[in-house]
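Here is how the chains run, residue by residue.
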Amino acid sequence: MGLKEKLHTFRIKNQDKKWFPVFSGFHTFLFTPNETTHNGTHIKGADDLKRTMNTVVMSLVPCLIFGMFNTGYQHYLALGEIEPVANGFFSAGFWAMDNFLLGLWKVLPLVIVSYGVGLAIEFLFCVIKKHEIEEGYLVTGMLVPLIVPVDLPLWMLAVAVAFGVVIGKEVFGGTGMNILNPALTIRAFLFFAYPTWMSGDKVWVHGAVDTAGTADAISGETVLGFLAQGRTAEMGYSLSDMFFGFIPGSIGETSTLLILLGGLFLVFSKIASWRIMLSAVLGALAMGLIFNSVVDAGWIPEYSKFYTLMSFEYWQHLLVGGLAFGIVFMATDPVTGSQTNQGKWIYGFLIGFLSVMIRVFNPGYPEGVFLAILLMNVFAPTIDHYVVRGNIKKRLKRLKTATIYPKASDEVDALKTETA
Amino acid sequence: MSKDIRIKKGLNINLVGAAEQTTSKAVLSNVYALNLDDFHGITPKMLVKQGEEVKAGEPLFYNKNKEEMHFVSPVSGELVEVVRGARRRILTLKVLADKTQQYVQNKVPDLDAADAATIKTFLLQCGGWPFIKQRPFDVIADPDVTPKAIFISGYTSAPLAAEVNYVLRGKEQELQAAIMALSKLTPGKIHVTIGQTGISPFTDLEGIELHRISGPHPAGLVGTQINSIDPVNKGESVWTISPQDLVMLGELLLTGKFNAERTIALAGSVIKSPQYYTTKIGAEISTFLYASGVKEDRFRLINGDVLTGTRTNTEGYLGFYNNTVTAIPEGDDYELFGWNKPVFNKISTTRALTFSWLQPKKKYDLNTNTNGEHRAFVVTGQYEEVFPLDIYPLQLLKACMVKDLDEMEQLGLYEVAPEDFALTEFVCISKQPHQQIIREGLDLLQKELG
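Sequences listed follow chains Y and B, in order.
Position 276, counted from 1, in the first sequence is what the numbering used here calls 276; the numbers after and before it change by one each time, with no gaps.
Position 22, counted from 1, in the second sequence is what the numbering used here calls 22; the numbers after and before it change by one each time, with no gaps.
No false leads were mixed into what you were given.
In silico lysine-lysine, DSS-like type, Cα no more than 25 Å apart, as pairs:
(1) B:55 - B:107
(2) B:94 - B:66
(3) Y:394 - B:189
(4) Y:393 - B:234
(5) Y:407 - B:189
(6) B:99 - B:49
(7) Y:407 - B:234
(8) B:8 - Y:393
(9) B:403 - B:431
(10) Y:393 - B:403
(11) B:346 - B:361
(12) B:363 - B:346
(13) Y:407 - B:120
(14) Y:394 - B:398
(15) Y:407 - B:447
Reference listing, derived: stretches of chain B covered by chain Y, where coverage requires no fewer than 3 residues with Cβ under 8 Å from a Cβ of chain Y:
(16) 138-152
(17) 338-344
Just so you know, these hints were derived from the structure itself, not from any lab.
The beta-carbon is built from N, C-alpha and C at its ideal position, and this holds for glycine as well.
Put together the whole structure using the sequences plus the hints.
Pasting the structure below:
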């Protein structure tokens, strides 16, 4: 008897057990189930939710691996053990085994904690509610380690994941029902609960926290950090550094190139909405242009604390911070985003627009993407409401020209009353 | 003069096993059956007792809410069985056919002189009425109502469905008679939509508004055509009738006899030699199924096409409205890593390691596997790609699920039938039962509005 038959017999035998959803979750990972259609369409398309989620996870893997290399690279660079690379994306100094091993050592625990805690809670809720394990957390669990600083203590991550999954998702009814993007809820929780671990110049490079105050102290400021403090002169990152991702930042967000490739893959595979991505980029560019022209018009004096960020070349906003990552992987979450095609244009545009606005005007923490997306998550149903209203209005307008004939029985009744 | 309609959104599902255009006469069936589920929302009241003899065209039962509406026997013979289900609900009526068929001879009205009332009474009495369906609600038309227009689709786009132009060949006379009669029932137009190419028997008919449509499935669905020609508003009513049923009406109006004969397509990858058969409504499917032969023992037999048909089995009977019987393989087997490995042998609208986009013309042999488990709605924008109606499909489905009557009305539930949601159901990643959701929504709306 093969594995397939063994699992099938086991499945049939244990259908009424409390832990059945958990077994089923693993079983369906190995084999797509033997379920057949009943009535309705007798054939079904090839895709299921697992395939969809898996596609997103696949598009995230390059960012994850790059993040591991970058962790090591930034660490050794800050220690002064290696020189900055300058030979393009495939510089040997960056793709060194040492860099990778350190990154793997630091990043893998974050991935394990993120998936471990998150999935445990998912399983628990599925057992309690007796429904199938849905695949939503596969993507969330992958996103979370990519949007946190590398030295984040694991217990903090665990607490945040627990909060995010329970409050951000399960209380609304699980996958497909949540209002806020769970991964961003987790990040927002971390940011407001442990702000010292989420911003400043001590968190972005591995080792900076431990060595703070000692003679060997290292630090790593993000590009946005430099800009917010007006220390552009010290920055020393070239445009190609920013585009390729050789800069400090959250683990997966730095390489605009790989994010772009992941985004193109998602658009090509029709999993993520190109409307949201494109309009978000347009929104960010628009806001950047507005700031640039305000500076050009001379309305902002150079000593203003917003001056550096506002005069930052508008399109370069897309290369730094988490903007690109947010646009490609977070804003396109279909559950929390706008659901209508027109709505997606508005939703995406406002995300880009607000991200750059918050980024510039937020003095404490120079990144606005996650706040902008969470804000627009809240407004997405409203946007959809007005888009759908448009369709309803059209229908109501048509109603005025409706040709409704009286019922035959009404005519007979009318005739009766007339003759009477 | 014809008007052109172009449908852009949609999906052609090319399947293996299309019926070859040759027609054989099916062996005579011993028993003919009417499946009461075919008449959605009708409460039957029997007119004939079990064991009594009926002629072909003699009423078996009437609609409890509309006593004039008769449902007649397709053949002459003895009513041998009344199959009942829970709470003694009648499920199936079986008639054992006589060797020589006797027909009820109805008095034919003069088509030129007859008024609406005469035509209605004739059709209701002689069993022709149930062929006429109405929107809203996708049920048998209410004879009390005057429709604003009547729609007929003369175009086939559903996978493996009987090709209208082929089965209607040479039936112009019957079609013309039926259209003349129907034109008395509405002050509006009779819209007939045919394909851009092909020889349609409708081309030269009088009294119709001819449209030509092109594009992928669901271009051939009457719902798609209504939506682009003259959508249904609240309070309005339109009637629809399938072209083959139109032929039956025509013959009934010309000869006064209810002739249940029709040409059907037997198709699907399981069938050895898929082709057309002439048989009668309610005939045993086995009378023609085995004439074409089947390739395997276990398969799904469908009364209708693969998207909208109802499940039946080898002991089943041809449905009242069906002109297609499809047999496809059952898919009740596990598939190792079916959710992440590249897929070449199934149809998908995405490109997530699914490669049907590479070969749009390829014919597929799909089975009944759901290819994944039922989930909450997650993905968006997917239905819109295959849904050409000016309606928000996801929002309407959700309104039906939460039973929000106002939303259902406002979002256009009046305009749709479950079959319009067959394609969205096919592509649905969350494997939600769209047609069932819409059907329940329609039933609820009809119940609440009376």
